[in-house]
Amino acid sequence: MSTLDAAMSASASALRAERTRIEVAVSNMANAESTRGANGQPYRRRDVVLASEPVDSFDSILGQAGAVGVKVSAIVEDPSPFKRRYDPAHPDADAGGFVAVPNVDVPEQMVDMMSASRAYQANLSAIGLIRDMIHRAMELGK
Amino acid sequence: MAVQFDSAPALLAPQGAAVTPSASGGAASGFAAALAHMLQSVDTSAGAANSAVADMVEGTGDVHDAMIALQRAESTLQLTLAMRNKLMQAYQDIMRMPV
Chain H
1 MSTLDAAMSA SASALRAERT RIEVAVSNMA NAESTRGANG QPYRRRDVVL
51 ASEPVDSFDS ILGQAGAVGV KVSAIVEDPS PFKRRYDPAH PDADAGGFVA
101 VPNVDVPEQM VDMMSASRAY QANLSAIGLI RDMIHRAMEL GK
Chain L
1 MAVQFDSAPA LLAPQGAAVT PSASGGAASG FAAALAHMLQ SVDTSAGAAN
51 SAVADMVEGT GDVHDAMIAL QRAESTLQLT LAMRNKLMQA YQDIMRMPV
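Chains as they are written, first to last, in the numbering used here: chain H, 1 to 142; chain L, 1 to 99.
Don't take every hint at face value.
With beta-carbon atoms standing in for the labels, derived distance ranges [to be verified]: (1) L:D93 <-> H:E23: 25 to 35 Å; (2) L:M88 <-> H:A137: 39 to 49 Å; (3) L:D55 <-> H:S34: 28 to 38 Å; (4) L:G61 <-> H:H135: 54 to 64 Å; (5) H:R36 <-> L:Q40: 49 to 59 Å; (6) H:G40 <-> L:A54: 17 to 27 Å; (7) H:L129 <-> L:Q92: 31 to 41 Å; (8) H:I75 <-> L:D55: 15 to 25 Å; (9) H:A137 <-> L:Q92: 18 to 28 Å.
Hints in this document: simulated from the structure, not taken from any laboratory.
Since the model is a prediction, treat every value here as computed from it, not as a measurement.
Cβ atoms here follow ideal geometry from the backbone N, Cα and C, with glycine treated the same way.
Please construct the entire structure, taking both the sequences and the accompanying hints into account.
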């Protein structure tokens with residue numbers, strides 16, 4: 001519709017990206033104690049990789065896009081080693097009595113979630129602002 | 001729950017049909033064409049809002065996507081209404097002109 005619409009699309013793509021960040025942080029937290037995954041290994045912490053992407057608009061076709069959105073380019077696993085905890089009674093304990101637990105740091109995930117949630121709110125505010133601008137502009141006709 | 005929007009051009013078809021012939025015979029005038037285009041975009045955005053809400057209700061879509069699509073539909077409709085109001089006002093101003 002308009003160039004403000006492209007700005008709104010950029011914010012909307014950011015909302016999707018932040019939602020994915022929250023989803024991944026939540027699954028990391030949920031699996032902080034999962035010692036068995038689909039491959040028999042403990043759960044590995046996952047991370048979201050975000051990449052910028054121009055939104056579809058007339059300006060972007062002309063190569064003059066002001067609004068650049070964001071997309072989730074990949075969800076990668078953290079290759080860092082598993083934490084080892086001494087718990088001989090655990091069914092997944094090795095011969096030495098150590099259990100490999102996921103390389104998830106719960107406080108770190110909390111901080112990630114807070115940052116994603118704040119970023120989501122910031123983008124919601126941006127959309128509200130764009131909507132107000134469109135409505136104010138239409139009031140010119142009254 | 002099914003949210004249904006009536007197709008805007010279908011609602012306005014009788015008026016549109018009445019406007020077009022009066023506008024310079026065969027080819028639609030610039031303003032009539034612009035209004036028809038606006039109505040088309042209202043219909044498109046309403047359709048997009050409709051499917052976004054349906055997706056959200058089914059659980060495949062995001063809440064924000066549905067709300068943004070609804071917001072877009074509303075903005076497009078209001079812009080079209082503003083244009084229509086301006087046209088009607090101009091028409092009435094001309095009709096009230098003393099001859």
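**Report entry** Index of numbered hints that the structure contradicts, given in increasing order
**Finding:** 1, 2, 4, 6
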